[in-house]
Amino acid sequence: MADVTLKRVEKSFGATHVIRGVDLDIRSGEFCVFVGPSGCGKSTLLRLVAGLEDISEGEIWIGGTQVDDKPPKDRGIAMVFQSYALYPHMTVEENMAFGLKLAGADKAERTARIHEAARILKIDHLLDRKPRQLSGGQRQRVAIGRAIVREPQVFLFDEPLSNLDAALRVETRVEIAKLHRQLGATMIYVTHDQIEAMTLADKIVVLNGGRVEQVGAPMDLYREPVNQFVAGFIGSPTMNFVPAQVAGAEGNHLVLRLKSGATVAARRPHEDLADDAVTLGVRPEHLSLTNDGGLAGEAVAVEKMGGESAIHVDVGGERPLIVKAPGEAVIHAGDRVHVAVPTDTTYLFDHEGRSL
Amino acid sequence: MNGAWRRWVFYALLIILFIYTVFPFYWAINTSLMSGSELFEARPWPPDPAWSNYVSIFREQPFGRQILNSVFVAVSVVLLALSLSVLAAYALGRIQFRGRRLLLFTILGVSMFPQIAVLSGMFELVRSLGLYNNLLSLVLSYMIFTVPFTVWVLTTFMRELPKELEEAAFVDGASPFVIVTQVFLPLMGPALVTTGLLAFIAAWNEFLFALTFTLSSEQRTVPVAIALISGASAFELPWANIMAASVVVTVPLIVLVLIFQRRIVSGLTAGAVKG
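Chains X and V, in that order, are what the protein sequence lines are. The number in our numbering is simply the position in the first sequence, starting from 1, with 1 added. The number in our numbering is simply the position in the second sequence, starting from 1, with 303 added.
Check each hint, because a few of them may be wrong.
Claimed, not checked - Computed cross-link-like contacts, SDA-like style, restricted to lysine to any residue with a CA-CA straight-line distance of at most 25 Å:
#1 Lys466/V to Leu103/X
#2 Lys325/X to Val303/X
#3 Lys71/X to Phe328/V
#4 Lys466/V to Glu11/X
#5 Lys466/V to Asp166/X
#6 Lys131/X to Ile482/V
#7 Lys466/V to Asp194/X
#8 Lys71/X to Glu60/X
#9 Lys123/X to Glu60/X
Stated by the list, open to error - The following residues of chain V were derived to be distant from chain X, with all beta-carbon distances above 10 Å:
#10 Trp330
#11 Leu468
#12 Gln485
No wet-lab data here; the hints were simulated from the structure. Predicted model only: the values in this text are computed from it and were never measured. Glycine included, each C-beta is placed from N, C-alpha and C at the ideal position.
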C-alpha cells in the first residue's frame, strides 16, 4: 500500500506529445480510475506508472520513492493486462510462481502465497490447468492472481474487463471492488467505460488529449463537471447539449432562447456572463415528458430497455434531445410530445466549453 | 459431369507429379539392389535383389564414419544457428533500434552470395584458423547460409508473439535473456522445428564447401564421399554402390520430415497469417 504521485509528467513519442503535464495524487488504498475516449493517453499514463514506458519529463513517486528511473520489478507494482498475457506454456500455478521464482522466493513461500491468492479468487481447483483450458473469466482471475502473489504496493489494471462478455463483466466488476476492499491496496484502473469508472472508483481521473480534464469522486464529477467534455463523458446516455442565447434574467434564473425560438429557464451561474452565447446542458434523466408546456417536439425514436426507456425528441435543434423515463414508455415514434426542462439541474457552458 | 471430369484431371495431375518426384528415388533403390551387368539392362525391378552393394559401401571405405561426420556437422550447425538466431531474432523482432532494417537486409544479403563467390575467401579464412581438413571448417562455413535464413524466419515469428506477454514477464522481473529462454522459446517450437530441419537438410546435402575444405577420407561428409566413390579400375563407375549410398543417406531425412511434417507446415505459414 502506497501513495502514488505524478508531478508534471510528460511523454512524447517522437514528435507526438501524448501526455501533457499531468499532476496527480493518489492516496494509499485508493481505487483510482483513468477514464477517457480512445487515444486520450490513459493507457500510456498507466504504462508510465508501471515503467513499461519511460517518461519524457516530470517525476513519478510510489510510496515515497522516486521510481521514474527504476525498472517495473523495482517499483512495487503488479499489472493486469487487457489480454491477460498469461504464459501459455505454463500451468496456472507456474504462471503465478514465475515472478516469485525470479524474485528468489523459496518454494514454501511461493506455495503459501499462491494458495492464498487462489483461495481469495476461488481458482484452487484450476492450479494444474494450462491457460488454454480456461474460460475468459477464469483467465482473468488467474491474471489477477498473478498480480496478487507479488504482494505489490500498487495494482495496475489495463482495461481488464473489455475482453469479457457483458454478464461476466458486471460480475467481475463487483469482484474487483470486493477484492479492493479485501486487500486494501492502492489500485489504478484504466477503462474507456464510464460505468466501470463510476461504479469502481474512489477517484476518477478524466483524461482528454493527454491532459487531465478533472479529478474527483464519481458523484462530484457527475454533479459538478468542470467543463462540457467531462459533462458529456460522465453519465449515460450522454448529456444533452443545446446551443442557446441569453435573453434575460428572472430572479435566480436565466432565460435562454434556443435556435427554435423557444425559451427555457436555467440555473443562474455564480459569475457574470461575458458572452451571451452559451451551451445549455441537461442530463437525460433530469428531463421528463409532460402533456403541455416545456419544449414541444416530435418523438423520433423510442428505445425500450425494460426498466427504463430513452425517448429521442426533435425539438427543432441540431440534434434530438434524449429523455430517460422510468418504466415502459407509452408513446411511439412520431407522437407529438412536450419535454419539461427542470430549472435546477441544468448546466451552462461558455463558448470554450467551461462550466459557468 | 463437369465436376467428375475435373476430379479426373486433378488426380491425373497428382499422379504425374507423384511419379515425377518419386521416380528418381525409386530408380536409386532399384539400381542399388542390382549387381554386375544387370545394371545396364534398365529393368523396372531387380531380377535378383541383392544387398551386397550396401555391404560393400561400408567395407570399401569409412562410410559409417562419414555418416557420423555428416551428423556431427549438421547437428552442430542446427544447434549453433538456432541458438544464435533466437537471440538475434529477439533483438531484431522486439527491440526498436536505429539501423534495424538495414541490419536485417544485410543479413539477408549475405545469404544471396553464390557459394562459389565466397569459396576462395572462405578457404583462406579456414586455413588461417587452422581448420583445413577439419569438420569445424564445415560448421563455420555452413552458418553463412543457415543463419540468415533462420534469423529471418524466427524474427518474423517472434514479431507475431503478443507484446503484452513480454511486458507481463518484464513486470514479473524477467531479464531479456529470461524472457527469450523461458517465455518465448517454449512458444517457438513449430518455428524452431521448421527452421532447424531445413537447416539440417541444407547442411546434410552441402557439397561444394565440403569438397573444398576436407582432404582425407576420414573427414569427408556423405555428399562428397558418395561423389568420390570409385570402382575397381579407373574405367568403372560403380553405379550400384553410389545408389546404395544415396539411399542410405536419404532415408534419415525422409524419416525426419515424416515425423515433423505437421509442425513444418504450421511453422512455415506461421508468419504469414495471424492466428
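*Where does the structure disagree with the numbered hints, that is, which hint numbers, in rising order?*
3, 9, 11 and 12
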